[in-house]
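Novice: Spelled out from the first residue to the last, the chains are:
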Amino acid sequence: MDGVARLGAGALDHWREITVPAGETFRACHVVGSDAPQVSRMRVTIEEGARYDLFVTNAGSDYTRIEIEVRLAKGAHFEFGGVTIGGAGVTREFVTQVVHAEPEATSNQTIRAVHWAGATGNFLGEIKVARHAQKTDAAQDFKGLLLEAGASANAVPQLEIFADDVKCAHGATVGALDEAARFYMMARGLDPATAQRLLVQAFIGDAFVALEDEAEREILLDAALAALEGAKL
Amino acid sequence: MTMLEITNLHASVGDKPILKGLTLSVPAGEIHAIMGPNGAGKSTLANVLGGKPGYEVTAGSVTFRGEDLLALEPHERAAEGLFLGFQYPVEIPGVSNVQFLREALNAQRKARGEEPLSGGEFLKLAKDKAGLLKMDMEMLKRQVNVGFSGGEKKRAEMVQMGILDPAFAVLDETDSGLDIDALRIVGAGINSIMRSPDKAVLLITHYQRLLDVVKPDKVSILAGGRIVETGGPELALRLEAEGYDAVMA
Numbered sequence: 139m140d141g142v143a144r145l146g147a148g149a150l151d152h153w154r155e156i157t158v159p160a161g162e163t164f165r166a167c168h169v170v171g172s173d174a175p176q177v178s179r180m181r182v183t184i185e186e187g188a189r190y191d192l193f194v195t196n197a198g199s200d201y202t203r204i205e206i207e208v209r210l211a212k213g214a215h216f217e218f219g220g221v222t223i224g225g226a227g228v229t230r231e232f233v234t235q236v237v238h239a240e241p242e243a244t245s246n247q248t249i250r251a252v253h254w255a256g257a258t259g260n261f262l263g264e265i266k267v268a269r270h271a272q273k274t275d276a277a278q279d280f281k282g283l284l285l286e287a288g289a290s291a292n293a294v295p296q297l298e299i300f301a302d303d304v305k306c307a308h309g310a311t312v313g314a315l316d317e318a319a320r321f322y323m324m325a326r327g328l329d330p331a332t333a334q335r336l337l338v339q340a341f342i343g344d345a346f347v348a349l350e351d352e353a354e355r356e357i358l359l360d361a362a363l364a365a366l367e368g369a370k371l
Numbered sequence: 032m033t034m035l036e037i038t039n040l041h042a043s044v045g046d047k048p049i050l051k052g053l054t055l056s057v058p059a060g061e062i063h064a065i066m067g068p069n070g071a072g073k074s075t076l077a078n079v080l081g082g083k084p085g086y087e088v089t090a091g092s093v094t095f096r097g098e099d100l101l102a103l104e105p106h107e108r109a110a111e112g113l114f115l116g117f118q119y120p121v122e123i124p125g126v127s128n129v130q131f132l133r134e135a136l137n138a139q140r141k142a143r144g145e146e147p148l149s150g151g152e153f154l155k156l157a158k159d160k161a162g163l164l165k166m167d168m169e170m171l172k173r174q175v176n177v178g179f180s181g182g183e184k185k186r187a188e189m190v191q192m193g194i195l196d197p198a199f200a201v202l203d204e205t206d207s208g209l210d211i212d213a214l215r216i217v218g219a220g221i222n223s224i225m226r227s228p229d230k231a232v233l234l235i236t237h238y239q240r241l242l243d244v245v246k247p248d249k250v251s252i253l254a255g256g257r258i259v260e261t262g263g264p265e266l267a268l269r270l271e272a273e274g275y276d277a278v279m280a
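Chains as they are written, first to last, in the numbering used here: chain G, 139 to 371; chain V, 32 to 280.
Derived from the structure by calculation, the hints contain no laboratory data.
Where hints are given, some of them may not hold.
[To be verified] Simulated pairs of lysine to any residue, SDA-like, Cα-Cα distance not exceeding 20 Å:
1) V/184 / G/317
2) V/172 / G/339
3) V/184 / G/347
4) V/172 / G/347
[Said to hold, decoys possible] Incomplete in silico selection of chain V near chain G, CB under 7 Å:
5) 102
6) 105
7) 106
8) 109
9) 110
10) 139
11) 259
12) 262
Just so you know, these numbers come straight off a predicted model, no measurement behind them.
Note that the Cβ used here is the ideal one computed from N, Cα and C, for glycine as well.
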């Protein structure tokens with residue numbers, strides 16, 4: 139945790155508080171990461187029937203950790219799409235804790251991690267379902283794409299479920315670039331870098347499918363693909 | 032003018048030698064069918080010409096329009112005018128046919144020093160070529176080969192060929208997986224796109240039926256990693272009637 143050690147005193151004390159009032163929808167899109175270590179923490183309360191959509195490209199060139207604590211009231215929804223991408227031997231991570239405190243709330247988290255050059259992408263996703271939060275529907279989907287040996291992608295799902303009538307789905311896979319697809323694209327005239335960019339774009343696109351605003355989606359995708367420049371082919 | 036000149040080609044997959052001294056010459060204007068039993072090396076030949084990783088050339092040479100083809104990367108071969116029609120076209124989730132083909136065509140044009148096509152120009156071209164293969168434009172807006180049936184994938188390959196407009200096509204069992212109607216459409220597409228005095232085709236197939244539509248000028252039999260016999264269209268008819276063993280005996 140070298141990155142954490144280099145953070146200034148007090149950097150870990152700050153929490154951003156967000157409340158989405160009953161029946162309302164908030165949406166936030168962030169590109170995070172710089173050349174200094176960074177930890178961002180937010181605590182989101184989503185009131186009855188409200189919705190919070192959060193989309194993040196985590197593409198720093200140093201340790202970057204995003205922590206999100208979410209508390210869902212009755213019938214609320216939390217949508218999270220996150221991408222970690224990069225090389226340079228550092229760790230980029232998302233840590234989420236989603237509390238289904240009341241019945242009928244839903245949450246959907248889609249994380250994609252693309253790494254090379256000894257870098258690591260982590261997703262620590264905790265889901266808590268309270269005893270009376272029946273009809274909860276919570277989903278987590280993590281996929282890692284490693285462009286070379288030595289990079290890593292890790293998912294740690296943690297489910298704590300006290301209600302009995304709930305749906306909690308989680309999946310995690312890690313793999314390499316589809317070489318058959320890359321050759322197919324090259325056989326049609328795309329150079330290796332363009333073929334890789336298209337495949338990575340398709341891979342991380344899943345995280346932003348739920349984002350309907352095309353301009354915002356493009357900003358997040360472009361930031362991620364810009365980080366891909368110089369990656370191992 | 033000779034377009035493709037293959038001389039004494041030896042190639043291995045892993046440690047296993049597959050092509051063992053294959054020699055073949057295809058001039059411009061020719062459609063040359065390659066037939067042969069399973070395991071003869073037909074797909075290996077196609078993959079070596081396309082530059083697929085894992086196929087190692089251990090001896091011999093391949094010259095394409097006077098250039099050393101084997102020295103080029105797959106995308107450079109495409110820009111030089113070589114098209115490889117895949118026996119098993121690859122699915123690419125998350126990438127639409129339109130985006131893929133426009134980027135591919137413009138990459139080829141850039142490599143040749145030509146101006147890129149605009150979105151509108153490209154769509155017009157794509158619509159034209161899709162129509163030739165009786166493929167709905169809506170299918171081209173979908174992800175590359177995802178959810179396509181075997182026959183649709185082969186038709187989509189030919190739409191790609193029409194859009195990229197290569198000088199030379201290596202078609203690896205483009206007829207497999209096609210029903211009779213689709214076979215006629217695909218055959219007519221090959222004729223329309225590639226039948227030209229300055230183009231040529233290497234048509235790898237198991238069956239005579241595609242050759243009823245795409246009439247070859249030459250037919251060669253590939254067996255044991257070499258061309259063992261070359262003749263006119265009648266050779267394919269003899270193979271169909273008598274089988275490889277009898278013809279090659």
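Novice: Does each hint hold? Answer for all of them.
Specialist: Hint-by-hint comparison with the structure:
1. V/184 / G/317: Answer holds: residue 184 of chain V to residue 317 of chain G is near 19 Å, not above 20 Å.
2. V/172 / G/339: holds, 17 Å
3. V/184 / G/347: violated, 26 Å
4. V/172 / G/347: holds, 17 Å
5. 102: Nearest chain G Cβ about 15 Å off; hint violated.
6. 105: holds, 4 Å
7. 106: holds, 5 Å
8. 109: holds, 4 Å
9. 110: holds, 6 Å
10. 139: Hint holds; residue 139 of chain V Cβ to chain G Cβ min 4 Å, cut 7 Å.
11. 259: violated, 28 Å
12. 262: Status violated, d = 30 Å.
Violation of the numbered hints given earlier is confined to hints 3, 5, 11, 12; the remaining hints are satisfied by the structure.
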